[in-house]
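Based on the provided sequences and hints, a complete structural model is requested.
2 protein chains.
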Amino acid sequence: MSILAVGSVAFDTIVTPSGKVENILGGSGTYFSLAASYFTDVRLVAVVGEDFTAEDEKILTKRGVDTRGIEHTKGKTFRWGGHYLDNLNEAKTEFTELNVFQNFKPRIPAEYEDSTFLFLGNIQPSLQATVCREMGKVKLIGGDTMNYWIQSARPELLETLKLVNVLLINDGEVKMLAEEKSLPRAALKVLAMGPKALVVKHGEYGATIFFRESAFGIGRHPFRAPTLPIDEVKDPTGAGDSFAGGFMGYIASQEEINREVLKRALFYGGVMGSFAVERFGTERLQSLKREEIEERFQIFRELTHLE
Amino acid sequence: MSILAVGSVAFDTIVTPSGKVENILGGSGTYFSLAASYFTDVRLVAVVGEDFTAEDEKILTKRGVDTRGIEHTKGKTFRWGGHYLDNLNEAKTEFTELNVFQNFKPRIPAEYEDSTFLFLGNIQPSLQATVCREMGKVKLIGGDTMNYWIQSARPELLETLKLVNVLLINDGEVKMLAEEKSLPRAALKVLAMGPKALVVKHGEYGATIFFRESAFGIGRHPFRAPTLPIDEVKDPTGAGDSFAGGFMGYIASQEEINREVLKRALFYGGVMGSFAVERFGTERLQSLKREEIEERFQIFRELTHLE
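Here the protein sequences line up with chains A and B, keeping their order.
Residues in the first sequence are numbered from 19 upward in steps of one, following this note's numbering.
Residues in the second sequence are numbered from 19 upward in steps of one, following this note's numbering.
Hints listed in this document are in silico derivations from the structure and should not be mistaken for laboratory results.
Accuracy of the hints is not assured; some may be wrong.
Copies of the same chain look alike in the list, so a pair counts if it fits in one copy or across any two.
Mimicking PhoX-like on lysine-lysine, the simulated pairs with C-alpha atoms at most 25 Å apart in a straight line are [unchecked claim]:
| hint | residue 1 | residue 2 |
| --- | --- | --- |
| 1 | K92 | K76 |
| 2 | K157 | K281 |
| 3 | K199 | K110 |
| 4 | K38 | K193 |
| 5 | K38 | K199 |
| 6 | K94 | K76 |
Spelled out as structure tokens, the structure:
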């Protein structure tokens, strides 16, 4: 199986209580691809500028990520700077230079057309919809969005949500999208917009998946996968994208998609997110071992397992 | 078995997005006692003023709470006013009138001396320590504290923590008490201060229990009990105290105290907290059925149960 991921590649400048890094490789597509690469084949569609080096690309290709879909154009790669000095759970943006990302139009290489899964990183909703329509034959479409699009491109986003099977967003985004303060009610409203399942990311507390009735099996109850910081949180950047990579990657590694698979996928999402934050940037995601992933899966499973 | 609870009885004026109530019965001792009353016998030590009516007392006695330890004095009962209009997870205090609570010195009636468990609500740490010493023969001492005491009475609090077996506080309080931003490290530091177990309350996300090595059994891993708002959150007041009541109450209902009991107790804490927030004040805690409690325990258990 294989996942086609559409997202951003960026150079990040990050300050956290543990230190500072400048212009290191980041972006939603990068974190997603690296995290998913431990479970399945990943193909990345993104755009970079002339400052994106062979060494940067090697970070992805060393993990087997297919980078033929990364478009190289004139100009500079997307740059973001932010800090987490007040609160490790919330980035304060210092600057955003969209650069080549500003005119990004995802182009799917012919070699990617047989991808079995699709993940839409957090880009303009109309672009997400275009990719959905092009890749209509995949087994499952996962998608992300953010406050900015919920507020500034609501009609386009609502169209896109009709095409997305599993939406992965955080508590605040769910409530904003549904215009409803109660999480369970907000989840019901979002599911009525199209997705068969909604994954609500709770940052350091894990994530909850809500199912549309009779989607992926029977049952009306949601499911929660907890997480716990195991080591020190050095840099929270990319935790949500790494979560999505672990979640989608695990699903793509399974024969069938049913509720049990989605529940385990939620745990693997938490596992990959918890690794991502242990080092600055993508460092920890570059050289994990499958045994480390399984070991942490067991720790998180035992974290809430009653005899 | 029986729990002796020391805490506050108050009249609260509360504004939430769901409405407003004035001068309704509240206070940490009240919420704790009502929640624990579904599991075991509860005896309450607190202080009230002349405005505390027979009807107020009946709310407690109807649930079988022994109120002989409530001292009636001249003056007005503790009053608190606050709102949750900006954030359902955080009360903004509008006024605090300590009134008779200002000079509260817990007096343990002779009839309470055979209590098997002790819970110290959030009062001055030196008073907590005095009660601990008086009640030294109980099987387990649970205790609460808050930011205010951590900052203004640290030396006294550190003395009290040597006497408390299980401390129940929230994320922010753990980090402040330990002067450490990483939760697992902060938990280790707090356990080194005395308690054999530390329950960290995460609000709507549940709670995690950390164990001192070899305390209550073997194992180095913490345990998390998740929660999920089932109905609308009408009024978050008292959720933490109701959590403590469910947690301590369940423990007191069991023959032995071991890790499995403490894990299940953490779930029952979440269950009672989730009921408390469904109505204003103590309304929901006044008339629960044991079947409703068990049903919700199962829902929370399934919320994270992998096959």
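For each hint, the structure was consulted:
1. K92 <-> K76: within (20 Å within a copy, 77 Å between copies)
2. K157 <-> K281: within (18 Å within a copy, 39 Å between copies)
3. K199 <-> K110: The answer is both: 24 Å in one copy and 18 Å across copies each meet 25 Å.
4. K38 <-> K193: between (33 Å within a copy, 23 Å between copies)
5. K38 <-> K199: between (36 Å within a copy, 17 Å between copies)
6. K94 <-> K76: Only inside one copy: K94 and K76 sit 19 Å apart there, 72 Å across copies, limit 25 Å.
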